[in-house]
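Here is how the chains run, residue by residue.
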Amino acid sequence: MAGALGRPRGARRSGLGWGFYLSAGALVLLSLAPILWVLKMSIVPRAELFASPPPLLPQELTGASYATIFDDPTFVRGLLNSAIIAGSTTIACLVLGAPAAYAFARLRFRFRTAIMTAILALAFFPAAAVIAPLFIEFRAVGLLNTFWAVIITDTVFVLPLTVWILTAFFRQLPRDLEDAARVDGATTLQAFRLVVLPLAAPGVAAAAIIAFIVTWNEFLFANTFLFDSSTWPATVAIPNFATTHTVDYGAQAAAALVITVPIAIVVLAFQRRIVQGLTAGALKG
Amino acid sequence: MSPVETEQPSTSTGTRRTNRREFLVVSGGSLAAVSLWGLSACGDDDDGGTGEVLMNFSPDLKQIVPGQVDAYNNQHPDGEVSTRTTPADTTEAFDQFRTQFQGGGSDIDVIMGDIIWPPQFAANGWIASLDDRFTESDREAFIPGVVEGNTYEDSVYGVPWFTDAGYLYMRSDLLEDAGYSEPPATWDELMEMARKIQQDAGIPNGFVFTGAQYEGGTVLGIEFIRTHGGDVLDGDTVIVDSPEAIAGLTTQQTLVADGIAPDAVANYEEDQASGAFLRGDSVFMRMWPYAYDFLGDKELSNLDVDQVELAPLPVAEGIEPVNVGGGFNFFLNAEAADPDAAYSFIEYMTAAEQQKTMALEGGYLPTRTELYDDEEIIEAVPGVRLGREIVPTTTTPPVSPYYSDMSLAMSEAYNANILGSMSPEEAAATIAEDLQTIIEKGG
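Chains A and B are the protein sequences, given in the same order.
Take 1 as the starting number for the first sequence in this note's numbering and just add one per residue.
Take 1 as the starting number for the second sequence in this note's numbering and just add one per residue.
The set of hints was computed from the structure by calculation and includes no laboratory data.
Keeping only pairs whose Cα atoms sit at most 30 Å apart, straight-line, the calculated DSBU-like set for lysine-lysine is:
1. B/Lys62 - A/Lys40
2. B/Lys298 - A/Lys40
3. B/Lys298 - B/Lys196
4. B/Lys62 - B/Lys298
5. B/Lys298 - B/Lys356
6. B/Lys356 - B/Lys62
Taking the hints into account, I'd like the entire structure generated from these sequences.
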């Protein structure tokens, strides 16, 4: 907004006025458009879904698609399975990742940077390339068709991200606090547990939420390692709202929204912490 | 029959195959871990020869199959058949089985699978030959074209369960108004009738079909070729560049280029094609029989049952009626825990009584020819009533262990032919070249 700089604060806010809010509104609409379209698909009757040209606004409302998905035991069970898989993975990532991140942030040891880079490289390994070897390994140890196969794989892929986020966060905590704790007689681990972790709560929350979202949305590993519909997470159950010839797009849209809503709520509730956690260390350089 | 490497060498395990017992022992050991999560997924069959059978089925059959399995289990208290749901999307289910077999084997004994699976599974030694069990006299009771689709290198690998066939849907009301009393026998007649009715009655489209780039698009492309007397493969020989095949592709392209079929058919799958027809936007449609059930359903269709008739697909002058269909079959895992128990269950599921239930309750087309004379089925199932001349002319896609790759290549070329970005000759030459490469690379 040219010219806004020199004005007093109140004037500047109104100077942001319509232009700012118009572009902000356009941006929000653009980002939300696909979700709004999916919402529309989930609440209109089947005939309207296939109308040509499709009406922009819903002409007739129905809850039939939502009834379909909540009547389906595989999907309802899938929500629970997703929660178990994502929850376990998140806990595993934090339990393993937080001490590792603390070590990277505070201890000096050889090859520290090299190891951190290697860990990050792991996260960028293409999943499709490792899926066949993993399948054979899991078969050999009898973990196929159990949640373990997915939890272990997800943990391996999400852990690097957790470690990096937490390392950045731990680094920016003032070292003096731990020194003070140690002067009071705490060991390094006690200092970590009693002083650093509580202070690092925003970073831990950010790492946890990201780990949860990635796992909650995961499809490829679950679809490959879990064959039995009683073990499917929701993401694997959704494509099965279909028959050999037809696809129940309404039910798929409803299910897509249902699995997005919990994530959206969590992110909204914790958005400040997530931003705080993710930008940790960004300004210190 | 030497084991043939499958399409993706990177994921293939070659000759490595976990011994089934070994696998069961390992999976038994993991039971404790599994039960921690409240699951009993892997523990279905613990021992060989005890009559334990695990079968898979697609979730759209969940209204019918579990009841039949329960009935079987009640009759056979000495063993137990359990079930597992596999993805509704056939390609995805196929990929899942392939991953499992490449990883050492599948614990599913009785495999419900698509007609295009047997050669690919058989060439790798994953499913057992049924020559001794599904005898020649048994086979005579089934639709010949469908048994042929289950045959690979002179051995039969699958027992047909239910089938699907290509039908011509017609707006009989519009045809009558235009003075036509017979369905079009040839493609030329269809085009002429469609053009006239499009103009006179103001119907936007003359003909719709599934032309998208997917398995259904491949089936339609093959169908255009076969209804003109051509074919894609003859054994291992590629014959898709014949004048007959090119004539078929020319018809496919002309339909779109002349505005009889909309450009959008290049993106049509079943839902879109039947949607257009049921809205009343097309005179003809090539579709499976399932869409007939939607007629008269106000939520899905503007058309009533008395406005639509089914007929055999048109052909080129002098060609016998033919269509390309699919359908599902039962295969026997080559390492089934108890093959005898598994096969006796296959026999039960494919018997006339069970096929009749599938027809009456789900409209699935039987594979036993006698059921096309069953009064009860004829009355209740339009696909059977109106398809008694159509179903026996059903053929299946080419039998090849590399069919998945071939289908991908073909669907691309058929799609380009529909869009007009390739001439029919170019499309045929491209397919010929692609299939030749696939065969040489694989064989």
